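Asks: Each chain is listed here by its residues.
Number of protein chains: 2
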Amino acid sequence: MIAYINREFIEEKDTVLHTGDLSIQRGFAIFDYFRTRNFIPLFIDQYLNRFFNSAAMIGLQPLHTKEELKGVINELIFRNNIAESGFKMILTGGYSADSFEPALPNFIILQQPLQLPTKEKFHKGISIILHEYMRDLPEIKSTNYLMAIWLRDKVKQQKADEVLYVKDNVALEFPRANVFAVTKAGTVVTPEENVLNGITRMMVLQLAEKKYTVEKRPLTVEELYNAAEVFLTSTTRRILPVLKINDQIISEGKPGAITLNLYNSFLRFEEEFCK
Amino acid sequence: MIAYINREFIEEKDTVLHTGDLSIQRGFAIFDYFRTRNFIPLFIDQYLNRFFNSAAMIGLQPLHTKEELKGVINELIFRNNIAESGFKMILTGGYSADSFEPALPNFIILQQPLQLPTKEKFHKGISIILHEYMRDLPEIKSTNYLMAIWLRDKVKQQKADEVLYVKDNVALEFPRANVFAVTKAGTVVTPEENVLNGITRMMVLQLAEKKYTVEKRPLTVEELYNAAEVFLTSTTRRILPVLKINDQIISEGKPGAITLNLYNSFLRFEEEFCK
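Order-wise, the sequence lines are chains A and B.
When you line the first sequence up against my numbering, it's residues 180 to 454, in that order.
When you line the second sequence up against my numbering, it's residues 180 to 454, in that order.
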């Protein structure tokens, strides 16, 4: 597999950073993650916009323009020749002289084969637990997953698939996905503040707005428990129904009509995008 | 300079990690930092204990025993031949197959020359600002400094030297140091919960307990503003008086008697340790 580091295409196994990099020393880096479908990078403009926004918000200057990056990405798609893949772009705080002040960033692009959840997986849905937490600087897609990884044992112990961050009784987001609820009246609700601006979330919102009443606003934990349907959105999982929250069954334990409708709309939307 | 990575002594410039390491991918690593004085690693047992505690709390298994590590550290002191130095030990989440689940850790030791603040610097003191924040898993010395580095612009803009994290009107800690206050009645107070267990803090507490009334308990922001003296403790700075909080002068703008006394006691304590 070929990867890209700073301004060079190199073998993925040779992509190394010196231990002085701020990502290693201080967990100081941002990243983004998008995927290709049939060799086409899905919603690439939106992902690049978010990547550049994260960089600006954290005070790091990307090494390339968006157009240059598209060229690099297309070159990797051509060289690696994997139809269905995930791309990770990481921009770090660089080799800091004092291990604290950001320097010239290091930039890495890694491509890997990616398998999305099957339709069976969609219909099986997932069960989740809740955890009181809000990510630091949640609008920035930083590499800070300390809490997420620390929580993995709790998730396993409780035989759940995912943990949803909640803060002061308001649902926020999953460590790597956004949350949606559908009220009993059929309104699609998703939190807007203190969450990452998920690109799949953005696309699903666009699709939902054509058919349903949509509200971007704080979603209380109580509303979540009382929802007709709950689902997550993520780049690597598209849409997955949440069918259990702690011990409470949601949507009678099977994907709800609106979740299913949005899932099918999203699949068609992807197809259209790639035509 | 010679460094150490996993089980090898190598040139510091050759200490690299593959980009698949969880420290780069997910900011998932712990570390510790101690210093040598006249070739002697100060309070090494305490630092090693904290390092092993951080590792255990986060679920990483160190590659060495404490005794083995002492041997490696002594070998580095001998080879690099720097009397006054700082040692950083980093233990990462390793090369994770799925970029999320920790694997066999990578372990790095880096040694660098270190200059501590002069007596002039001590007498000049520092000015600080406050910021509402509590570190994730604060008892763990993780590499998560996203907020600390993000705040450096705010600190500069306000012409301060440091930022103190406060949460719900309770003072916690600096990004890389602990906080102490001395009340007008001469009681030495330092927070005990939701802060890192600083080794210099621990030593200063031992010295303070011989002479003063000491309280380890929540310290309110109001108490801080009304304190007779405020100071920080850190490995790289020993004790530094806080002489300004936002616009308010503390201790008439010069180091207080108890701060000075503890500073001198600490210097003597260091000397004794190295005899």
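Hints in this document: simulated from the structure, not taken from any laboratory.
It is possible that some hints are incorrect.
Copies of one chain are not kept apart here, so a pair can be met inside one copy or by any two copies together.
Said to hold, decoys possible - Dumping the calculated SDA-like pairs for lysine to any residue here, alpha-carbon to alpha-carbon at most 20 Å: (1) Lys335 x Asp277; (2) Lys245 x Met326; (3) Lys338 x Lys433; (4) Lys249 x Leu221; (5) Lys433 x Asp277; (6) Lys346 x Pro317; (7) Lys346 x Glu371; (8) Lys346 x Tyr312; (9) Lys267 x Asn348; (10) Lys390 x Glu341; (11) Lys298 x Asn376; (12) Lys192 x Ala364; (13) Lys454 x Glu402; (14) Lys335 x Ile237; (15) Lys395 x Glu299; (16) Lys395 x Val251; (17) Lys300 x Val342; (18) Lys433 x Glu191; (19) Lys363 x Gln291; (20) Lys335 x Met236; (21) Lys333 x Ile308; (22) Lys338 x Leu316; (23) Lys454 x Ala339; (24) Lys454 x Asp426; (25) Lys395 x Val334.
It should be emphasised that the depicted structure is a prediction, and the values quoted were computed from it without experimental measurement.
Asks: Of the hints given before, which are not true for this structure?
Replies: Hints 2, 5, 9, 10, 11, 12, 13, 15, 16, 18, 19, 22, 23, 24 and 25 not satisfied by this model.
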